Amino acid sequence: MDKPNTIESVQPLSGHYSLKKDLRLNAWFMVAAATCLVFDLLIKRHPEWSPLRRALLTLTPLIPGMLYVRDCLHFIRGMDELQRRIQMEAWLFAAMGTLILGTIVNTLNANGVPLGRLDHGFSLVGTFALTFVLWLVGTAIANGRYK
Amino acid sequence: MKNQLRELRALKQWSQGDLADKLCVSRQTINAIETEKYDPSLPLAFKIARLFKQSIEEIFKAGD
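Which chain is which? The protein sequence lines are A and B, in order.
Under this note's numbering, the first residue of the first sequence carries the number 4, and numbering increases by one thereafter.
Under this note's numbering, the first residue of the second sequence carries the number 988, and numbering increases by one thereafter.
Hints should not be assumed to be uniformly reliable.
[Said to hold, decoys possible] Here are a few chain B residues that face chain A, going by a calculated C-beta distance under 7 angstroms:
(1) Gln1000
(2) Ser1013
(3) Ala1019
(4) Lys1024
(5) Tyr1025
(6) Ser1028
(7) Leu1029
Rather than coming from a laboratory, the hints here were simulated on the basis of the structure.
Quantities reported herein were computed from a predicted structural model and do not represent experimental measurements.
Quick reminder that beta carbons are idealized off the backbone N, C-alpha and C, glycines included.
I would like the entire structure built from these sequences, with the hints used as guidance.
Below is the structure:
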């Protein structure tokens, strides 16, 4: 029988890292990121392109993105029940944390409190980064609870 | 919930990793059940009971 998937198996330097499992999980993410980067550069270099062409190129990375989501779901289904619970707790922590911090920043902005670089709320990249950091923290907390 | 998993595993002279492989779960799951930090699902409890040829009630007891 196959061993259940664990987060350590896709974390380099964890001691349980598996390149095969990492590629099986993250290959489509890399394709999505690469196409996003290349198409973004192309669109900026060709301001004469029609809106339809721009829209098609902008939305194309959604295809590998959806395939990545499929692989994520497949990976989670391959986890054992405790790992699934840990991930559910970590994602809930990350989602709620992002929502709460986003609300705080937006409310402070709306009330005229100067926040420097956050004067217009979190950027898209900033939101992803915040969710990722909170997911790491959530995973560490949940792992600690069941150690 | 209290359980006899550690004792049963020791009787068979299996490591946590051995038992994890037999049940197709991670070693962390076995450790969390043995230290009573995690209660297994019903399907996993049945798997454990079947592996040790005992009833679920003999292995798992409700805590006070």
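The hints, checked one at a time:
The beta carbon of B/Gln1000 is not positioned within 7 angstroms of any beta carbon in chain A (closest approach about 21 angstroms), and the interface hint is therefore violated. The interface hint given for B/Ser1013 is met, as the beta carbon of that residue sits about 5 angstroms from the closest beta carbon of chain A, less than 7 angstroms. Here the hint on B/Ala1019 is kept, as its CB sits about 4 angstroms from the closest CB of chain A, short of 7 angstroms. For B/Lys1024, the suggested interface contact is upheld, since its CB lies about 5 angstroms from the closest CB of chain A, less than 7 angstroms.
Look at B/Tyr1025: its Cβ gets to within about 6 angstroms of chain A, closer than 7 angstroms, so that hint holds up. The closest approach between the C-beta of B/Ser1028 and any C-beta of chain A is roughly 5 angstroms, which is under the 7 angstroms cut-off, so the hint is satisfied. Evaluation of the B/Leu1029 hint against chain A yields a violated restraint, the C-beta minimum of about 11 angstroms exceeding 7 angstroms.
When held up to the earlier numbered hints, the structure conflicts with 1, 7 and fits the remainder.
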